[in-house]
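Chains as they are written, first to last, in this note's numbering: chain W, 1 to 492; chain U, 1 to 492.
Derived by calculation from the structure, the hints in this document are not laboratory data. Any given hint could be a false lead.
As the list makes no split between identical chains, a pair holds if one copy fits it or if it spans any two.
Stated by the list, open to error - The calculated lysine-lysine pairs, modelled on DSS-like cross-linking and capped at a C-alpha distance of 30 Å, are:
| no. | residue 1 | residue 2 |
| --- | --- | --- |
| 1 | 260 | 310 |
| 2 | 256 | 106 |
| 3 | 458 | 490 |
| 4 | 57 | 349 |
| 5 | 454 | 80 |
| 6 | 260 | 337 |
| 7 | 54 | 397 |
| 8 | 114 | 80 |
| 9 | 251 | 22 |
| 10 | 22 | 260 |
| 11 | 80 | 181 |
| 12 | 80 | 429 |
| 13 | 114 | 469 |
| 14 | 114 | 103 |
| 15 | 47 | 337 |
Number of protein chains: 2
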Amino acid sequence: MSKKLTSRADDYSKWYNELVVKADLAENSAVRGCMVIKPYGYAIWEKMQAELDKMFKETGHQNAYFPLFVPKSLFEAEEKNAEGFAKECAIVTHYRLQNDPDKTGKLRVDPEAKLEEELIIRPTSEAIIWNTYRGWIQSYRDLPLLINQWANVVRWEMRTRLFLRTAEFLWQEGHTAHETKAEAIAETQQMNQVYATFVENFMAIPVIQGVKTESERFAGAEDTYCIEALMQDGKALQAGTSHFLGQNFAKAFDVKFANKEGKQDYVWATSWGVSTRLMGALIMTHSDDNGLVLPPSLAPNQVVIVPIYKSDEQLEAITNVVNGIMNDLRGNDITVKFDNRTTHRPGAKFAQHELQGVPLRIAIGARDLENGTVELARRDTLTKETVELSNLTEIVKGLMTEIQDSLYNKALDYRNNHITEVDTFDEFKTVLETKAGFISAHWDGTAETEDKIKELTKATIRCIPLDSKDEDGVCVYSGNPSERRVLFAKAY
Amino acid sequence: MSKKLTSRADDYSKWYNELVVKADLAENSAVRGCMVIKPYGYAIWEKMQAELDKMFKETGHQNAYFPLFVPKSLFEAEEKNAEGFAKECAIVTHYRLQNDPDKTGKLRVDPEAKLEEELIIRPTSEAIIWNTYRGWIQSYRDLPLLINQWANVVRWEMRTRLFLRTAEFLWQEGHTAHETKAEAIAETQQMNQVYATFVENFMAIPVIQGVKTESERFAGAEDTYCIEALMQDGKALQAGTSHFLGQNFAKAFDVKFANKEGKQDYVWATSWGVSTRLMGALIMTHSDDNGLVLPPSLAPNQVVIVPIYKSDEQLEAITNVVNGIMNDLRGNDITVKFDNRTTHRPGAKFAQHELQGVPLRIAIGARDLENGTVELARRDTLTKETVELSNLTEIVKGLMTEIQDSLYNKALDYRNNHITEVDTFDEFKTVLETKAGFISAHWDGTAETEDKIKELTKATIRCIPLDSKDEDGVCVYSGNPSERRVLFAKAY
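Chain W on its own, in the form it takes in the complex:
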C-alpha cells in the first residue's frame, strides 16, 4: 500500500492498473479477463447504482430480471445482433460433472450431460427479453413497457483491463417498447440525457452527446446515441449508449400489438445501458499521481477524521470532540469516518486516504483542542488550512459543493482545451500525435473513409455531436463534400 504509484507521465496505462489495485478498487481473478470488485470499489459502484436507479424510476421505469442464458435459436433470431456478438460469447454445452473414471480424484465434464441446445451467456439481453415481451404485449394499453434490469453480462474479449474491458461486467440494461417510432426515439434521447445528467452531476465528468456512425452502432440498432468523455491522456471513453432499435427486434420475435384503430402493428423498441466501465472513466478523469480523487457525490466516505495523539488521555479528549463533529456532519447528510485505528500511524492513514481519494481529511491534535481548530486537507487540490471548529460543519458543507464543482470545471477545461478543429489530414495526424483529445473535422459520410482513417491513425469517429452546426466543408481525408464536422479520437 505504501509504495508510490508509477506517475501518469511515465506510463499512464501502468499508473491506471496500479491505482485500481492499490486503492482497493478491483483486482484480476483466477478467471481469464474477469475481475473481483473489492469492497471499496463496490461501494462506489453501489452509489452510482442507487442514483441511476432513482433516475430510472423517476422517469417511469421498473426493474425486472430475465435469465442469464439465451438459447442459441433465440440468440440468432435477430441476425445483426447475433453477428455482432457471436465472436465473443461464452457457451454452456453441458450440465453435469462426473468423477473421472481413471480415479485421479479429478472431476470431468459428463459427456452424457450434453444440452440439446447450447445456451449463450447473455452478452446483452435483447433476445431473451423480446422473446418474453411477445407474451406481455397485445394491445396499445400494454404500452409503453418501460423496464430496466441490473445484471451481469459476459463478452469474451481477448484484451481485457480492469473496469474498462472485462469478460464479465456488471451493468444495467433498459429495454422499452412503444406504440410509435417518435415515442421510441424520444425515449432513446431521454435516456441518453439521463446518462449525461448523471455523469456530469454525480461523476463530475463533462460529456458530449452525439450519435454514432453506422459502423459504430450497436448491432441491431437503427441509431445509437452516446455520451463521450475525455480522459486525462487525451483518449476518449464511451460512457453510455442509448439505442433506437426500430422494429428490428419486434419483427425478429414477432411482437405485435393492436393499435388504437384495432390494427396489428410491430412494436418500436429502445435499449440503453451503462456499466462498471464508468468506474474506469471516474478514475481516469480525476485521479492524480498520488492516487484516486473522488467527487464527493460518489465517495463512500466524504470526510475522514484522523486523530493525532501521544497519550490515551489525548485520544480520549480528541474522541469527545470528534463525536460532536461526526454528529453534526451526519446531521447534514455528510458521510464521515473516524479513523481511530491503533495499528496505523497518522502518516500511514494520510497516505491511505489520499490513495483512496477521500475528498476531505480532518486532522485533529492536542494543540487543535487548545486552539479550538482543526486542520482540513482537500484531496483534489492537496491544500491544507486550519479552520475554527465552531464553523466546521458549514465549511465542510461548502467544501463538498466546491470540490464537486471544481472537479467538474477542471475536467471541462481540459476537455474544452482538447477539442481541436482541423481541416487537413496532416494537421489531423499531427494533433493526434502531439496533443490528442477530440479532433473536430469534416468527414464525407462514408464507411470507407472512416475505416481508412482508423487504419492509418487508430482514431475513430466518436460521435456526430447533437449540437453540431451545419457547416459546408470538405472531408479531411477524401476531399469530398461534407455538411458538418464530427468528432474523432483514439478511444478506450
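Dock chain U against chain W, hints included.
Okay, now just chain U, sitting in the frame of chain W:
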C-alpha cells in the same frame, strides 16, 4: 387476469403456480428451469434486498463482487463441496460461435474456440472467493473479513418451480474469515439470527432456528444453522442457512494468517445465504384463494386508492381529496398509489389489487365526498369499513401495524398448531398423512435411521431446534436411546 384461481383445497400446487403468474410475480422463460421475475415480483424482492442489505451493513459487512465463473481446478479443490454440486452445474466449454459452413443461416459453436479449462457457472462462490481471500489475508490485522455478495447462481435442478427451485436464482451469499473457531461460530449464529429477525419482522413468517443433521448439511460445512418455516399445506420450507465451514476452505485454498503470537494458522470460515426462494415462502405463508396477501413491510404499494365516479366532475372532485390523502400518507412513509386508470372499471381494479395482495384498499365515491368518509378494505381479512376522512392517516398507520402483526400471529398460530409430538412410528406416519406439519420425535442420531424414515415417509429431519430440551427417550423408528427430540417434516 380476471379468471378465478384454483382453490388451495382443490390443488395447492396448482393454486401456487397460478397465483405466481396471475399476480404478475414471475413466469417461466424459454430457458429450461429459469424464470423471468416480473416487475411486480421484482419490486417485492427489491424491498427484501434493501432491508437485508441494511441489516448486513449494520453488522459490519461490506458488499463486493466475484466472478460468475469458477475454473474447474478451483471448483474441485474443496472435495466435499465439489462433490455436492458436481451433479448440477452448468459448464462453459467454448467462447465463440461461427457461421455454419453449410450456409444454413444458423450459427454453430466454433470447435476451434474450446477453452483449455472448463468454467463452472457458480452454484455457490466459496471456491472462487477463498481462492481470492488467499491474497487478502496475511495477518490477524486483516481479520475478520466480513463480505457479502448479491448475485445470480446456477444449479441445474431437474424439477423446477417458480421461486422455489429454479436453475438460475438470485441470492446473497456472505463469506467471512475469522481468527478463531469461536468467533466464526458466533458469526454463523449471528447471521442465522439476522435471517430469523428479517423473516419474522418483515415477512411476518415465524421460523424455527436449528441446526441440520450431518446428511442435510451444506457440502463442505462442519455445521449448518437454518431457519425453517411452515407453509399452509403443512410442508416445511428452509428459508435461510448459515454455515460454519471450519478450516475446510482455508486448507483447500491455503489461506493462512500470522496470529497475534506470530504463528501461521488456517483461517476459520462461515458462509450464509438467502435467495429468491423467500418469495415462495412469502406467497405460501399468507396468501388465500383470492390471491396474494402481502405484509405491509414488503408491499410495493401499501395502500391503493380507487375512485368511484360517474362523471368527469366527480372524478375531479375525488382527485382533489385524494391528492390531500396521498400527501398525508406519504408524509407518514406509507406508499400509496392512486389507481385512476380510465381503461378499467372499479370492479376490475378491486379484483386486480386483491389478486396482487395490496394490504389496504381505499374506495372513495361521490357519496363519500358528501359524508366526509372513505371505505377501507383490508386484504388480509377481506373486511370493509367506512371511516371518517379526518382520521384517515392515523387509522391507516394503525392498520399497517395491525395487519403486519395479524399476519404474523395467524401464521404463528397455524405453525404452533402443527408441531405434533409423537412417540411411535405408527403415530408418526398417521400424523404425517392426516395433519402434516412438523413432527417432534426422538431420533437415534444415525444417518441410517434418518435415511430409512425418509425412504418410508418422505419426511426429513428439518432441524435440531436450538431451543430443544434435553429429554431421555427412544428413537421413534429404531427404539435406540435418544437425548432430544428433532423436527421432521415433508419439505419444499
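Consistency of the hints with the structure:
In this assembly of identical chains, residue 260 and residue 310 lie within 30 Å of each other by CA distance solely across copies; the values are 24 Å between and 78 Å within a copy. With identical chains, the CA atoms of residue 256 and residue 106 are at most 30 Å apart between copies only, with a shortest distance of 25 Å across copies and 51 Å within one. In this assembly of identical chains, residue 458 and residue 490 lie within 30 Å of each other by CA distance solely inside one copy; the values are 6 Å within and 65 Å between copies. In the homo-oligomer, the alpha carbons of residue 57 and residue 349 lie at most 30 Å apart only across protomers (23 Å), although the nearest pairing inside one protomer, at 39 Å, exceeds that limit.
Proximity of residue 454 to residue 80 under the C-alpha cut-off of 30 Å is restricted to the intra-copy arrangement: shortest distance 22 Å within a copy versus 53 Å between copies. For the identical chains of this complex, residue 260 and residue 337 are inter-copy neighbours only, at 26 Å across copies versus 57 Å inside a copy, given an alpha-carbon limit of 30 Å. Taking the shortest alpha-carbon separations for residue 54 and residue 397, both the intra-copy value of 23 Å and the inter-copy value of 26 Å come in at or below 30 Å. Both within a single protomer and between protomers do residue 114 and residue 80 lie at most 30 Å apart by alpha-carbon distance, with minima of 28 Å and 24 Å respectively.
In this homomeric assembly, residue 251 and residue 22 come within 30 Å of each other (Cα to Cα) only across copies, at 27 Å, whereas the closest approach inside a single copy is 49 Å. Only between protomers do residue 22 and residue 260 lie at most 30 Å apart by alpha-carbon distance; the minimum there is 25 Å, versus 59 Å within a single protomer. In this assembly of identical chains, residue 80 and residue 181 lie within 30 Å of each other by CA distance solely inside one copy; the values are 20 Å within and 56 Å between copies. In this homomeric assembly, residue 80 and residue 429 never come within 30 Å of each other (Cα to Cα): the closest approach is 33 Å inside a single copy and 61 Å across copies.
Taking CA atoms no more than 30 Å apart as the test, residue 114 paired with residue 469 passes in neither setting, with 57 Å inside one copy and 50 Å between copies. When the C-alpha separation of residue 114 and residue 103 is checked against a cutoff of 30 Å, the pair qualifies both within a copy, at 22 Å, and between copies, at 24 Å. Within a single copy, residue 47 and residue 337 get their C-alpha atoms as close as 17 Å, and across copies as close as 27 Å, so both meet the 30 Å cut-off.
Consistency with the previously given hints fails for numbers 12, 13, ordered from lowest to highest.
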